[in-house]
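Student: Chains as they are written, first to last, in the numbering used here: chain A, 1 to 472; chain B, 473 to 784.
Among the clues, some could well be false.
Below, computed lysine to aspartate or glutamate pairings styled on EDC-like, alpha-carbon distance capped at 20 Å [stated by the list, open to error]:
(1) A:K287 x B:E672
(2) B:K503 x B:E493
(3) B:K673 x A:E284
(4) A:K288 x B:E485
(5) B:K673 x A:D115
These are calculated hints, taken from the structure and not from any lab test.
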Amino acid sequence: MPKKKEEGFPRVPAVIAGGRIIDPTASIDKTGDLYIENGKIVRIEFNKLLSKKSIQSVGSHKVMDASGQVVSPGFIDLHVHLREPGREDEETVATGTKAAAAGGFTSVCCMPNTDPPLDNQENIRFVLEQAKAGFARVYPLGCITQGRKGERIAEIGDIVAAGAVAVTDDGSPVMDASVMRLAFEYSRMFGIPIVQHAEDTNLSFGGLMHEGFVSTILGMRGIPAAAEEVIVARDLKLLETFGGRLHVAHISTAGALELVRQAKKKKLPVTCEVTPHHLTLTDEEIKKSFNPNLRVNPPLRSRKDVEALREGLVDGTIDAIATDHAPHSREEKEVEFDAAPNGMIGLETAFGIVMTEIVAKGYLSLAQAVEKLTSAPAQVFGLPGGQLKIGHPADIIIFDPGQSWTYRASEGFSKSINSPFDGWGFKGKVTSTLLAGKVVYPVESKLEVVGLSPQDKIKLQVAERKKQKKRK
Amino acid sequence: MKKFAHKHLLGLEGMTREEIEFVLDTAVTFKEVLERPIKKVPTLRGLTIVNLFYEPSTRTRISFELAQKRLSADTVNFSSSGSSVKKGETLRDTVRNLEAMKIDMVVVRHASSGVPYFLTRCLESSIINAGDGAHEHPTQGLLDIYTIREKYGKVEGLRVVIVGDVKHSRVARSNIWGLKAMGASVSVCAPSTLLPAEIEKMGVEVFTDLNKALWGADVVNVLRLQLERQERGFLPTLREYSRLFGITRERLTLLNKNYTIMHPGPINRGVEITPEVADSPESVILAQVTNGVAVRMAVLYLLSGQQEEAVA
Chain A
1 MPKKKEEGFP
11 RVPAVIAGGR
21 IIDPTASIDK
31 TGDLYIENGK
41 IVRIEFNKLL
51 SKKSIQSVGS
61 HKVMDASGQV
71 VSPGFIDLHV
81 HLREPGREDE
91 ETVATGTKAA
101 AAGGFTSVCC
111 MPNTDPPLDN
121 QENIRFVLEQ
131 AKAGFARVYP
141 LGCITQGRKG
151 ERIAEIGDIV
161 AAGAVAVTDD
171 GSPVMDASVM
181 RLAFEYSRMF
191 GIPIVQHAED
201 TNLSFGGLMH
211 EGFVSTILGM
221 RGIPAAAEEV
231 IVARDLKLLE
241 TFGGRLHVAH
251 ISTAGALELV
261 RQAKKKKLPV
271 TCEVTPHHLT
281 LTDEEIKKSF
291 NPNLRVNPPL
301 RSRKDVEALR
311 EGLVDGTIDA
321 IATDHAPHSR
331 EEKEVEFDAA
341 PNGMIGLETA
351 FGIVMTEIVA
361 KGYLSLAQAV
371 EKLTSAPAQV
381 FGLPGGQLKI
391 GHPADIIIFD
401 PGQSWTYRAS
411 EGFSKSINSP
421 FDGWGFKGKV
431 TSTLLAGKVV
441 YPVESKLEVV
451 GLSPQDKIKL
461 QVAERKKQKK
471 RK
Chain B
473 MKKFAHKHLL
483 GLEGMTREEI
493 EFVLDTAVTF
503 KEVLERPIKK
513 VPTLRGLTIV
523 NLFYEPSTRT
533 RISFELAQKR
543 LSADTVNFSS
553 SGSSVKKGET
563 LRDTVRNLEA
573 MKIDMVVVRH
583 ASSGVPYFLT
593 RCLESSIINA
603 GDGAHEHPTQ
613 GLLDIYTIRE
623 KYGKVEGLRV
633 VIVGDVKHSR
643 VARSNIWGLK
653 AMGASVSVCA
663 PSTLLPAEIE
673 KMGVEVFTDL
683 NKALWGADVV
693 NVLRLQLERQ
703 ERGFLPTLRE
713 YSRLFGITRE
723 RLTLLNKNYT
733 IMHPGPINRG
743 VEITPEVADS
753 PESVILAQVT
763 NGVAVRMAVL
773 YLLSGQQEEA
783 VA
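Modelling step: build the complete structure from the supplied sequences, incorporating the hints.
Tutor: In structure tokens:
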């Protein structure tokens, strides 16, 4: 195994030189040099920049040339499924955070619908323990109800004390309004938001895709937009009456968005997120291919909904872009559409999609897009990071907004490959990710992924050896 | 000579009038074969066809099997209810195993929309859709159009009403696509709870009043009402359905002269259609069954690749 070049790098002072530095919270958007010492940001210099020549030698500083590229805070993802504990064959905290690093995310919030679910202190601690060796900061969410059953509220106090940043029964909604009322009331003591997967499961029962003309042609049972909207409307009413905070996960319909917009006008404490796939893909895609990787919940909606969501990003109704990265095994996904589980991976494509579909098409400026991926999500859950502040950990990414690339799911870092974006071309690519000043992407070999199972390690070692042989 | 340039028959959506007519013309010659004392031709000798039925079916499976035997193909039947997941082997593994046994064509029926498309991605063989979920049932659509054309000598300009559970009907969808392509004017009539969203965008007129729907129509295609629809709550009672949407002799007076009654079967007598209408001279229900074999022979022949050799 080759010795890692970055070994000990956090101890070595470094400078990211000549990049366009964007920090939405400080309204910074200009070329500068960013200095890192002991894993922290120590100085951002905009005036006396290092010249191209001097870049080679700045005393003891390691230099990263970022000219022609953008330097921004590391992205923060409010919604990922790391599948640990329970489905380590699909993803682990280690591989999921590795995928996060490759996609420019330095912090991820992981969902509690694991097996067992994260509905108590111990399970939250387990995830945090696994995350110590990870490639991104991991902020777990706990469950709203015990066992995610929607019946009795979980030990939210304990869960928050153990480190959870919010609670959700994601994957399932809390269908019983009286339970949701209690959750709002109880959570007020701990100041955390309730994250709702808004879906009336009676209305959506048996549904495979968005209900509309396409589901009619395909003869697939539909999930009406109203399934999402009635729960959002109900929750907003409960929020208004009983207090607390509400975060609407993966909002997908024009109607739900309008409800949130009106609630925000009334100054209700509500936030929402949107996924890159709901901003891009419509139900029409399913008609083209019946690709089971397009099966996702909430389902891909109509063109009208996609347009409304883009407008919601522009007018600020939508607070953050979050991936809902949901790995599923090949065996489970390579089946008929009816039998496939819901979900698609998204950590490694999110930035490419946002750049290509949202920034290049003029919906958001580059700085606004960065904000929706950094400081804005940080604010939703009250997370550190999302800004380039002196004295703060150097969670920083460098990206090339002009670089064209093609996504190949099989070459990604996630353990799973269930992406409908496989083979898509994007413009805009993350080139380096630093976590507390340490380069976590790119790394020389996949072997550096820690926390792999012994079998995975063997597989990777064999692959590495084959590669080396080829070189010879 | 016109050619049928498809490897698979997955649905009638997107098929042109010329293509459909070519299939129907081919079926005419095969129908002649069926009227001979010896109803067998060597056209597909040496070809192996698997009938993969993941949903119970009597008439479609037998019709396909007969068509294959009349064409001298070797056939294998595979039936399985229950989903592939429960069975322990995935659909993909099952069909790849079958293909490893050197199969030329697969006729597939499955409760999940899109399964024939899924098979085209994992197999080299030609795939024929024998019904996928509520999506399409193209050979049924073709045989319905064949039957209409046989009676009227044309399809263009005729008014066809499809009555019943449109929401869950693959027959309705294939009929709409095919009939529209052929220039017929198509309408659907169903209780509002059994009309799928935005169905009017398929280019059909939509009715919930049967008397209005039947007024001035030439052909009534009556869909089977699956009895479980009542259990699932789409309908209050079968009695009310029958009263509002049942095809009775009195209602037939609303139709044009020389009208036709069709039904894809199996019939729930007394629910969607009264026995006297089902057995009336205007009913072509049994002709549909006969034509089904001829149309399926035509489809099998055209997809088999034998056609190119014949042309050359």
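Student: Taking the hints in turn, state whether each one holds.
Tutor: Consistency of the hints with the structure:
Taken as a hint, the K287 of chain A and E672 of chain B pair is honoured in the structure, with Cα atoms around 18 Å apart against an allowance of 20 Å. Between K503 of chain B and E493 of chain B the CA atoms are separated by roughly 15 Å; this keeps the pair inside 20 Å, and the hint holds. Between K673 of chain B and E284 of chain A the CA atoms are separated by roughly 14 Å; this keeps the pair inside 20 Å, and the hint holds. About 12 Å separates the Cα atoms of K288 of chain A and E485 of chain B, which keeps this hinted pair within 20 Å; it holds.
For the hint linking K673 of chain B to D115 of chain A, the alpha-carbon distance of about 44 Å lies beyond 20 Å, and the restraint is violated.
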